[in-house]
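Student: So you can see what is in the structure, the chains are spelled out below.
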Amino acid sequence: MIKTEIAVIGGGPAGLCAAIEGTKAGAKVLVIDENSKPGGQLFKQIHKFFGSREHQAGVRGFQIGEKLLEQSRELEIEVWLNSEVCGLDSDKNLWVVRDKKESIKVIAERVIIATGAVENSIYFPGWDLPGVMGAGAAQTMININRVLPGKKVLMVGSGNVGVIVSYQLLQAGAEVVAVVDAAPKLGGYGVHTAKVCRAGVPFYTSHTILKAWGSECVEGAVIVRLDNSWNPVTGSEKFLDVDTICIATGLTPLSELAWMAGCKFEFIPELGGHVPLHDRFMETTVSGIYVAGDISGIEEASTAMDEGRIAGVNAAASLGYIDDDKRKKMTEKLWKRLNSLRCGPFGEKRKSSKDRLLTFRGEA
Amino acid sequence: MLRVENHVVLGKIQRGRKVTIIVDGEKVEVFEGEMIAAALMASGKKVFRYTKKHGKPRGVYCGIGRCTDCIMTVNGIPNVRTCITPVEDGMVIKTQRGLGEWRSDTGDD
Amino acid sequence: MTDTLKTLGYPSLDELKSTPGYPGEDIQKKGPVAIIECIEEIPCNPCETSCPAGAIKVGDPITNLPRLIANKCRGCGRCVAACPGLAIYIKDYTYSAEKALITFPYEYFPLPQKGDRVIAVNRRGKPVCEGEIMEVKLLGSYNKTPLVSMAYPREFFEEVVSIKRLEGEG
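Protein chains in written order, with our numbering: chain A, 1 to 364; chain B, 1001 to 1109; chain C, 2001 to 2170.
None of these hints come from the bench; they were simulated from the model.
Heads up, the beta-carbon is just placed ideally off N, CA and C, and yes, glycines get one too.
With beta-carbon atoms standing in for the labels, derived distance ranges: (1) B:Asn-1079 to A:Trp-259: 20 to 26 Å; (2) A:Asn-231 to C:Asp-2014: 29 to 35 Å; (3) B:Asn-1075 to A:Arg-73: 29 to 35 Å; (4) B:Thr-1020 to A:Gly-87: 35 to 41 Å; (5) A:Ser-90 to C:Val-2136: 58 to 64 Å; (6) B:Gln-1014 to A:Asn-231: 48 to 54 Å; (7) C:Asp-2060 to A:Met-260: 41 to 47 Å.
Chain A extracted, bound-state conformation (with noise of 0.2 Å):
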């Protein structure tokens, strides 16, 4: 049985940044990973983040995780890699197994969950081919494995996450075939699909495949167009050539735990589904219990590390170690930074979004 004052758990870029700030207040704090390395998807992230100064933009996302790592071991901060956490009650007991081995009960007095979001499916024959894959698997295969999953690649989606992969396949080596979106307009960032489509990649709106077809791997899909009702127009399916389909369909945070310690959830899809509720220190309805990134809402990794500030902050500062003046002057810039990042076409939905959730809980 070990004790810490705050149990983060995920090592990503919420959990770093919570767990640095939450060091840097003075608390005790204990990171769990249960990857062999820390940083969460940030290292797969080679593209130049958005922003402003102060969300660190023109930098590259694993550039943006070298300088959280190197002030994590500046502080000394505590990790625990190869590390899972099986279980969390609203006493903030945790159950955590190490390198598969060794079974540990943590006891914390505060628990900060960020354990981030998992890529979503969807369905058609042929869906659980070898072949077919998230479109961040493939972006882990290409920047972190250095591994070409395929060569002649057929995307599923345009939002960012779907553009950006296509972006990072070409520079990769592969060959981008096209990008289907079932949607009549594209779904992100106008700045992302112009460069896929000056690279030669032609995009289809309104849409969707049909099915892989292949016998022990892809070998080929069938995409179809849609019509006003999203039906498949019959005569309109068209063969691409492709050995890789990536799925960029949008993404589910990773909740369980909070399930599991009790936490009250909201069903919001613009978040990704069943987010966890919480107030604008990201403290859940369990008392003690946090949540920052993904978790508590899909949005992208710069905004996951101010959450993870706040979170970080406020769990020190509700051990004693910041002063209640401090605790809202910081948790109030921090707030405007979210903000900023929370506006224009793209952000409005996720700031509704969230300010839902804050509803729920009497605060907007």
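Got chain A; can you put chains B and C on it based on the hints?
Tutor: Positioned in the frame of chain A, the structure of chains B and C alone reads:
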């Protein structure tokens, strides 16, 4: 060539020393520290297992240890998530059929 | 008015001309100038903060579209490397009697080399004409976004935005 040797943003690939793993009885040269799934993909392997009921092929799906589609039998232990398990010299890896079988030895079955 | 950004993926000239970052024809033809192809209000302002001449204004909120103050722009190209969306070029109509020059971001290996004859492409990636690489530049401050300068026939001034990707490994 499936390995991304050089990259405009990431530079030259950094990797460990060459080691040998045994995949379904065949020797395959891979790089120490890389994930089993990546090493197999680089060698052109796409089918990692066959399902229990219908014997359908499966490969890498999520790449981050969530979906368990890429599980294989590694050193006699079935259901190992190959996308988050690094290779080690001499590792014996087998395409898994169904739920696999626990074995104390790692020899051929 | 044709809108293509959200259906085909690239901005049409109509869409570009309705934004404050895309300079008018008279300005484009006067000399080297930044052409900003940013037509959606996304939260981003490195173009503004990278410009040493104060020629790009985003302001607050950072979702404002960037506005080019053309008479301040010296065509230095820092914004080209700074834009995370790779949506800015420098174009110079006055490069020579027949040729224009474009400096664009190019994040692919292999990189073209000075003197290479390449295929210039339009916003859809379709071949337009031949171009000649005049310079390939990668400063530390560009943070791994190489800038490529290419001379190409003036008659395709507005259409050309990049080159066809080169074959081969990095």
